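Visitor: Work the whole structure out from these sequences, hints included.
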Amino acid sequence: MYNQKLESGYPVFVCERGGEIAGFATYGAFRDWPAYQYTIEHSIYTDINHRQKGVATDLLQAIIKDATSENYKTIIAGIDATNEGSIRLHQKFNFTHTGTMKNVGYKFERWLDLAFYQFMIDQPQVEKACE
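Quick note: the sequence shown uses the working numbering, first residue 320, plus one each step.
Since the hints were derived computationally from the structure, they do not count as laboratory data.
Keep in mind that this is a model prediction, so the values were computed, not measured.
For every residue, glycine included, the Cβ atom is placed at its ideal position computed from N, Cα and C.
It is possible that part of the hints are untrue.
Below, a list of computed lysine-lysine pairs in the DSSO-like style, where the Cα atoms sit at most 30 Å apart [stated by the list, open to error]:
no.: 1; residue 1: 372; residue 2: 392
no.: 2; residue 1: 392; residue 2: 421
no.: 3; residue 1: 411; residue 2: 426
no.: 4; residue 1: 411; residue 2: 392
no.: 5; residue 1: 372; residue 2: 426
no.: 6; residue 1: 411; residue 2: 372
no.: 7; residue 1: 411; residue 2: 384
no.: 8; residue 1: 411; residue 2: 421
no.: 9; residue 1: 372; residue 2: 384
Computed spacing ranges between beta-carbons, pair by pair [stated by the list, open to error]:
no.: 10; residue 1: 330; residue 2: 437; range: 18 to 24 Å
no.: 11; residue 1: 393; residue 2: 327; range: 14 to 20 Å
no.: 12; residue 1: 441; residue 2: 348; range: 28 to 34 Å
no.: 13; residue 1: 381; residue 2: 326; range: 17 to 23 Å
no.: 14; residue 1: 381; residue 2: 437; range: 15 to 21 Å
no.: 15; residue 1: 429; residue 2: 371; range: 21 to 27 Å
no.: 16; residue 1: 418; residue 2: 337; range: 37 to 43 Å
no.: 17; residue 1: 336; residue 2: 390; range: 27 to 33 Å
no.: 18; residue 1: 335; residue 2: 421; range: 35 to 41 Å
Guide: This is the structure in structure tokens:
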């Protein structure tokens, strides 16, 4: 999955602590249609032994900084609605809850609700299709 991100030109961020991989993150296209070219969706994974130690914070900061420099407008986070830690992290960075989809994921032998959070970056410079 992450090789595909790199091959598609999207970044993968790795956070190391004490010589170990403590977490990693990436982003990619939100939708594959041209109308959504300024919107990305990100993923952050933190090793269980490194949670609550600032790893996800560092990774989310890296995503926002990189997405801003790449001229994106919106960052989307799809979060398991019961993942209070991730929700708090995103709220700390001013992500806004935009809606929840019920029972759209199945993991750990249970159905998951997916909460969507959105972060707005300053308006990008849009390239005109025609002059």
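Visitor: Hint by hint, say whether it matches the structure.
Guide: Hints, verified against the model:
1. Only pairs whose Cα atoms come within 30 Å are accepted, and residue 372 paired with residue 392 is accepted, the gap being roughly 29 Å.
2. For the proposed pair residue 392 and residue 421, the alpha carbon gap of about 27 Å is at most 30 Å, so the pair holds.
3. For the hint pairing residue 411 with residue 426, the CA-to-CA distance comes to about 26 Å; that is within 30 Å, so the pair holds.
4. For the proposed pair residue 411 and residue 392, the alpha carbon gap of about 19 Å is at most 30 Å, so the pair holds.
5. Distance restraint check for residue 372 and residue 426: the Cα-Cα separation of roughly 25 Å lies within the 30 Å cut-off, and the hinted pair is therefore satisfied.
6. Proximity of residue 411 to residue 372 is assessed by CA-CA distance (about 15 Å); at most 30 Å being required, the pair is judged to hold.
7. A threshold of 30 Å between alpha carbons decides the hint, and for residue 411 with residue 384 the separation of about 16 Å falls inside it, so the pair holds.
8. Between residue 411 and residue 421 the CA atoms are separated by roughly 24 Å; this keeps the pair inside 30 Å, and the hint holds.
9. For the given pair, residue 372 sits about 20 Å from residue 384 by alpha-carbon distance, which is consistent with the 30 Å threshold.
10. At about 20 Å, the CB distance of residue 330 to residue 437 agrees with the hint of 18 to 24 Å.
11. At about 18 Å, the CB distance of residue 393 to residue 327 agrees with the hint of 14 to 20 Å.
12. For residue 441 paired with residue 348, a C-beta distance near 20 Å fails the hint of 28 to 34 Å.
13. At about 20 Å, the CB distance of residue 381 to residue 326 agrees with the hint of 17 to 23 Å.
14. Checked against the hint of 15 to 21 Å, the C-beta distance between residue 381 and residue 437 comes to roughly 19 Å, which is consistent with it.
15. One distance hint, 21 to 27 Å for the beta-carbon pair residue 429 and residue 371, holds here, with the actual separation near 24 Å.
16. Between residue 418 and residue 337 the beta carbon distance is about 39 Å. The supplied range of 37 to 43 Å therefore holds.
17. Here the CB-CB span from residue 336 to residue 390 is close to 31 Å, well matched to the stated 27 to 33 Å.
18. The hinted window of 35 to 41 Å between residue 335 and residue 421 holds, with their beta carbons roughly 37 Å apart.
Taken one by one, the earlier hints fail for this structure only at number 12.
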